Amino acid sequence: MTISIDPQKTNNESLQPKGWLRYFSFSLDHKVIGIQYLVCGFLFYLIGGTLASAIRIELASPMSDFMPRDVYNQVLTLHGTIMIFLWIVPVVNGAFGNYLIPFYVGARDMAFPRLNAVAFWLIPPSGLMLVASYFVEGAAQAGWTAYPPLSITTPQSGQIIWILSVLLLGGSSIFGGINFIATIIKLRRPGLKLMQLPMYCWAMLGTSLLVVLSTPVLAGTLILLSFDIIANTGFFNPVLGGNVVVYQHLFWFYSHPAVYIMVLPAFGLVSEILPVHARKPLFGYTTMVFSIMGIVVLGLVVWAHHMFTSGTPPWMRLFFTIATAFIAVPTGIKFFNWVATLWGGKISINSAMLFSCGFIINFVFGGITGVALAQVPFDIHVHDTYFVVAHFHYIVYGGTVFIIFSSIYHWFPKVTGKMLNEKLGILHFIITFIGFNLCFAPQHWLGLNGMPRRVAEYDPQFQFVNQISSLGALLMAISTIPFLINVFLSVRNGKDAGDNPWNALTPEWLTSSPPPVENWEGEAPLVEEPYGYGKEISEQK
Amino acid sequence: MTTLDSSKEIQKNNSEVNETHEDFRMFGLITFLIADGMTFAGFFAAYLTYKAVNPLPDGAIYELELPIPTLNTILLLVSSATFHKAGKALLKDKNSDAQKWLFFTAFLGIIFLICQLFEYFHLPFGLTDNLFASTFYALTGFHGLHVTLGTLMILIIAWQSRINGGRLTSQNTFPLEAVELYWHFVDGIWVILFIILYLL
Numbered sequence: 001m002t003i004s005i006d007p008q009k010t011n012n013e014s015l016q017p018k019g020w021l022r023y024f025s026f027s028l029d030h031k032v033i034g035i036q037y038l039v040c041g042f043l044f045y046l047i048g049g050t051l052a053s054a055i056r057i058e059l060a061s062p063m064s065d066f067m068p069r070d071v072y073n074q075v076l077t078l079h080g081t082i083m084i085f086l087w088i089v090p091v092v093n094g095a096f097g098n099y100l101i102p103f104y105v106g107a108r109d110m111a112f113p114r115l116n117a118v119a120f121w122l123i124p125p126s127g128l129m130l131v132a133s134y135f136v137e138g139a140a141q142a143g144w145t146a147y148p149p150l151s152i153t154t155p156q157s158g159q160i161i162w163i164l165s166v167l168l169l170g171g172s173s174i175f176g177g178i179n180f181i182a183t184i185i186k187l188r189r190p191g192l193k194l195m196q197l198p199m200y201c202w203a204m205l206g207t208s209l210l211v212v213l214s215t216p217v218l219a220g221t222l223i224l225l226s227f228d229i230i231a232n233t234g235f236f237n238p239v240l241g242g243n244v245v246v247y248q249h250l251f252w253f254y255s256h257p258a259v260y261i262m263v264l265p266a267f268g269l270v271s272e273i274l275p276v277h278a279r280k281p282l283f284g285y286t287t288m289v290f291s292i293m294g295i296v297v298l299g300l301v302v303w304a305h306h307m308f309t310s311g312t313p314p315w316m317r318l319f320f321t322i323a324t325a326f327i328a329v330p331t332g333i334k335f336f337n338w339v340a341t342l343w344g345g346k347i348s349i350n351s352a353m354l355f356s357c358g359f360i361i362n363f364v365f366g367g368i369t370g371v372a373l374a375q376v377p378f379d380i381h382v383h384d385t386y387f388v389v390a391h392f393h394y395i396v397y398g399g400t401v402f403i404i405f406s407s408i409y410h411w412f413p414k415v416t417g418k419m420l421n422e423k424l425g426i427l428h429f430i431i432t433f434i435g436f437n438l439c440f441a442p443q444h445w446l447g448l449n450g451m452p453r454r455v456a457e458y459d460p461q462f463q464f465v466n467q468i469s470s471l472g473a474l475l476m477a478i479s480t481i482p483f484l485i486n487v488f489l490s491v492r493n494g495k496d497a498g499d500n501p502w503n504a505l506t507p508e509w510l511t512s513s514p515p516p517v518e519n520w521e522g523e524a525p526l527v528e529e530p531y532g533y534g535k536e537i538s539e540q541k
Numbered sequence: 001m002t003t004l005d006s007s008k009e010i011q012k013n014n015s016e017v018n019e020t021h022e023d024f025r026m027f028g029l030i031t032f033l034i035a036d037g038m039t040f041a042g043f044f045a046a047y048l049t050y051k052a053v054n055p056l057p058d059g060a061i062y063e064l065e066l067p068i069p070t071l072n073t074i075l076l077l078v079s080s081a082t083f084h085k086a087g088k089a090l091l092k093d094k095n096s097d098a099q100k101w102l103f104f105t106a107f108l109g110i111i112f113l114i115c116q117l118f119e120y121f122h123l124p125f126g127l128t129d130n131l132f133a134s135t136f137y138a139l140t141g142f143h144g145l146h147v148t149l150g151t152l153m154i155l156i157i158a159w160q161s162r163i164n165g166g167r168l169t170s171q172n173t174f175p176l177e178a179v180e181l182y183w184h185f186v187d188g189i190w191v192i193l194f195i196i197l198y199l200l
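Respectively, the protein sequence lines represent chains Z and P.
Taking my numbering, I'd label the letters of the first sequence as residues 1 to 541.
Taking my numbering, I'd label the letters of the second sequence as residues 1 to 200.
Hints are supplied without guarantee of correctness; some may be wrong.
To be verified - Residues of chain Z placed beyond 12 angstroms of chain P at every Cβ, according to the derived structure:
#1 Trp-144
#2 Asp-228
#3 Ala-231
#4 Asp-459
Claimed, not checked - Stretches of chain P that chain Z covers, calculated by requiring three or more beta carbons in the stretch to come under 8 angstroms of a beta carbon on chain Z:
#5 124–136
#6 180–189
Source of the hints: derived by calculation from the structure; they are not laboratory data.
This structure is a prediction, so every number in the text was calculated from the model and none was measured.
Glycine included, C-beta positions come from ideal geometry on N, C-alpha and C.
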């Protein structure tokens, strides 16, 4: 059975407000929704970043003198939750996915445009709820993991609002995932084969599978947790015969795949950016695809490596150590493929390229500490220390956030039709890269020497290294200034970009900048070789 | 859009009207049901883990009565069959037959919910008595929520399959197929739940 393009939708489109106002409307256009995700996520990034700065100011001295201890716990809870659920997941999936995937599959919109708009509009209210939970009596202070018994022995209204907010954000994420799977599998332009898709499509397909399979488990877990708080049941309360470790299993069944939900799309984006700016085909397309799917499968069976100190039996430790170590194989393949893509390429040193290279450097470092953390004897010593904090931020900031910035520099000309200022962009990269490494590299040392995480006070012997780390955090805070100036100046009077400033071959560059409402003026082009860069150069010569 | 001249505009609109694509709403629904199934899988996993590692305190083991849940299992299995009959009738343009079968299916769903509530009121334990009681109510309650939503949706499509002016016709069977798939899914979950919770 076939259906014609929804006529109601086209009618709606003409009723939609034009210009700036459409970004505040229930728009069904995937490009508008993508930008809504990006800008909304960035605003929450600024809030989360302010909280991070507050944490680093507090940690510049050993005593808790900047804020009381319970406020510190509330601030770190809010920082973690905002950054994961409102910045990284929505932006790296929702923003870039919505903007790019319909172009890549040669479609005019996503498979379910209305569901798409609903998924986005769940985010601002739940984000505001999350921020509001800080101001009610007894804000959530159990960290982004909300481990019981801490989250239920302090049964307070803030924790309940926190749970509701995360449930809504999970729902938004699932709707998005369903939409991406349907779009990539079912909405491909006739004649476009799966193995001709740009790599970001594969990354989003893998990510969406993880979203659909694991996010519902988190939702169920949080519902049980809220029963424990509201109705006084004992699922996770040992006093009432419950079991806290069950919560940890269920929670990490989502939250380990969540790491891949945050980082797989970044893998896809960097695979789009590197070939363009190195003027070379993506090295090892097929191995890339199989690595992504390998990561999806393995990513679902490694969760208990977060729980080696939770009384896990030896067979479980052995299994999850081996499974986790195996993930290094597909990840390593991808890493070598990126390096091989750069190798011998005609590399342009611009902001997008610099951020991508920064990603590769940071990510391999975070990956190595990840393999180290998978080993039980080592993990038991550094569990819940700053070593884990450093590892995690190397993956999520040094990895994903670097790619988010790289992608903004790469696709800004397409979205706005204007170029970003390269000098400010390179300045942004230099401050971010130095600030990031200054902030998080010393934390490995702190963790190895036994500084626990999530505690407002610490042993005075760690003060000097903590101050270096705080200095790095200051630089990271400063680094957003040139970026914001750059965006505002370029939107107002940037250089005109033209349709294809990078001479890229992927389909989104084959339409005008900014693209028309339904993406193409005629039929969607069939791009059989999205990475055919070598040929193009030889033809030009 | 401002860059297009008017002739192109017309061309574009024409191409839009003629463009068709495959109907993949069912595909989206199946993906959603997989996600929904994972929520149940999480609950089942939690229940089985509790059963294995968290022994109940002495004297807290409750035997569940089997007659009502067995009746409920039969009710849901029969309702799956009657729903299927409704779909067949609709395809043959027999809207009034379809409507009858749908109302009968909804009726079976309501009976199921009444039986469930009857069981709740006659159980010797409440929600917070012990871990087993809590998981029992969480699992059956979450499933009961699904049955409630399903029954409401069946009533809606039964209303839509009325002969004059209903949206549901032999040309537009998607709403019925979608709710039917959802209903079979809820039945399937019940069978698993019945085996794990009552029989094991």
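Requested in this report: Find the hints from earlier in the document that the structure breaks and name them by number, from lowest to highest.
Outcome: Hint check: 2, 3 and 6 fail, others pass.
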